[in-house]
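So the protein sequences, as listed, match chains A and B.
Residues in the first sequence are numbered from 1 upward in steps of one, following the UniProt record's numbering.
Residues in the second sequence are numbered from 1 upward in steps of one, following the UniProt record's numbering.
Treat the hints as calculated values from the structure; they're not laboratory data.
Just to be clear, a hint being listed does not mean it is correct.
Claimed, not checked - Derived lysine to any residue pairs resembling SDA-like cross-links, with alpha carbons at most 25 Å apart: (1) A:Lys-123 / B:Asp-83; (2) A:Lys-123 / B:Arg-74; (3) A:Lys-123 / B:Thr-5; (4) A:Lys-123 / A:Arg-113; (5) A:Lys-123 / B:Thr-19; (6) A:Lys-123 / B:Asp-29; (7) A:Lys-123 / B:Cys-22; (8) A:Lys-123 / B:Glu-51; (9) A:Lys-123 / A:Arg-108; (10) A:Lys-123 / B:Pro-108; (11) A:Lys-123 / B:Phe-145; (12) A:Lys-123 / A:Thr-111; (13) A:Lys-123 / B:Gly-130; (14) A:Lys-123 / B:Pro-59; (15) A:Lys-123 / B:Glu-137; (16) A:Lys-123 / A:Pro-48; (17) A:Lys-123 / B:Tyr-76.
Said to hold, decoys possible - Reference listing, derived: stretches of chain A covered by chain B, where coverage requires no fewer than 3 residues with Cβ under 8 Å from a Cβ of chain B: (18) 40 to 48; (19) 63 to 72.
In this text, a Cβ means the ideal position worked out from N, Cα and C, and glycines have one as well.
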Amino acid sequence: MKNQTFPGRTLSGRTVTVACPPWCTFPHHEWVDTWAFHETDSAVFIGPADHSGFDGGKPYDALWACVSAEAHEDGGYGRPYLHFDTIGAGAGGRLDVAQTDALLAELRRYTGRLQQLRDQLAKITTEGEQ
Amino acid sequence: MTTHTRTYTGPTLAGGTATIVCPPWCTVDHEHPIEGIDRADHADDAFHASETIAIVPPPDDERTDQFSIVPQLRAYLIQHSVDPLTPPYDAEHGPGTPWRATEKPMRPGAGIYLALEDAGDRAVTLDLEGAEQVLAELEEYTEAFRQMRDHLRG
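With these hints in hand, go ahead and build the complete structure from the sequences.
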C-alpha cells in the first residue's frame, strides 16, 4: 500500500496537509473538497448471475467491505473501523474489532457449511446417494 | 446435519398414493410444505430441502434503529423426490444455464438454492461447479476481509 500525503480543503475553508494511514488507497486528489474519509480498496463478493434481467443479470455486490476512518481537520484521523455493507439488503454499518472478528468467524462458519452442502450434492449427483 | 430418517406417504400426480423416504438431511414437512397453504406435497413431485444456512452480520450499534441487519446468502440443499439427477436449469434459457429458484413450477433435479439478496427475488440454484465457484469467491472475500481486520488494530 502507498503512503500518501495530500493538501486538503477543510470544511471551514482552510487548507491542510493530510498524512494518510498506511492502508489508505483513497484517491483524495480526485476529490479535493471531500477528503473526509480514508479508505482501503473494497472487498466484494458478487456471486453468480441469474436471469432476472436486471442490469443484464449482473448481481448486486452481495457482500462488500472496506476499512475506513474519518479524516480530521488537524491532519489526524479517527479510529479505523470496518465498513460492511450488503447492498441487496441495504443494511450495514461500522464494525469495531470485536464485531469484525465475529463476522469473520461467521464467514468461515458459513463457508464450511456451504462446503458440506456441496459435498452432499456431489454424493447425490455423482454417486446416486441420498 | 440431522441423521434421522423419515418417510412420507402422500398423493401422486396421477391421483394415487406413494411413499417416499426423505434423505437424512431433509427438514421439510411434506404434509405442510408451504406455511399457510393447506396442500400436501405430491409424493412423486416433492423437493427435499436441508436446513438453511446464512451469514448473520453482528448488530450494528450505531444504525440498528434504522436498518435491520438481516441474514445474507441464505442457502440450502434441494433434491427432487424421484428425479434428483436432472440438473436444475432455467426454463426459459434451457439446460446448462443457472436456474432461477423463484420460477414455477420447480423442475426436477438437485442443487443448492442460493439467495443473492434478502428478498429472495434474485436467487439461483447451483450445480456442483456453481457451488465450487461460489466457495472460491467466498474464500477470496474472507481472506481480503481478514487482511482488513488487521488494519483495525492500528
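Now for the hints, and whether the structure bears them out:
1. A:Lys-123 / B:Asp-83: holds, 15 Å
2. A:Lys-123 / B:Arg-74: holds, 22 Å
3. A:Lys-123 / B:Thr-5: holds, 17 Å
4. A:Lys-123 / A:Arg-113: Satisfied, since the Cα-Cα distance of roughly 15 Å is no more than 25 Å.
5. A:Lys-123 / B:Thr-19: holds, 23 Å
6. A:Lys-123 / B:Asp-29: OK: A:Lys-123 and B:Asp-29 at ~23 Å, within 25 Å.
7. A:Lys-123 / B:Cys-22: holds, 15 Å
8. A:Lys-123 / B:Glu-51: It holds: about 17 Å lies between the C-alpha atoms, which stays within 25 Å.
9. A:Lys-123 / A:Arg-108: holds, 23 Å
10. A:Lys-123 / B:Pro-108: holds, 17 Å
11. A:Lys-123 / B:Phe-145: Violated, because 31 Å separates the two Cα atoms, which is more than 25 Å.
12. A:Lys-123 / A:Thr-111: holds, 18 Å
13. A:Lys-123 / B:Gly-130: holds, 16 Å
14. A:Lys-123 / B:Pro-59: The hint is violated at about 37 Å.
15. A:Lys-123 / B:Glu-137: With Cα atoms ~23 Å apart, A:Lys-123 and B:Glu-137 stay inside 25 Å; holds.
16. A:Lys-123 / A:Pro-48: Holds, at about 23 Å.
17. A:Lys-123 / B:Tyr-76: holds, 15 Å
18. 40 to 48: holds (count 7)
19. 63 to 72: It holds, with 4 qualifying residues against the three required.
Against the hints set out earlier in the document, violations occur for numbers 11 and 14.
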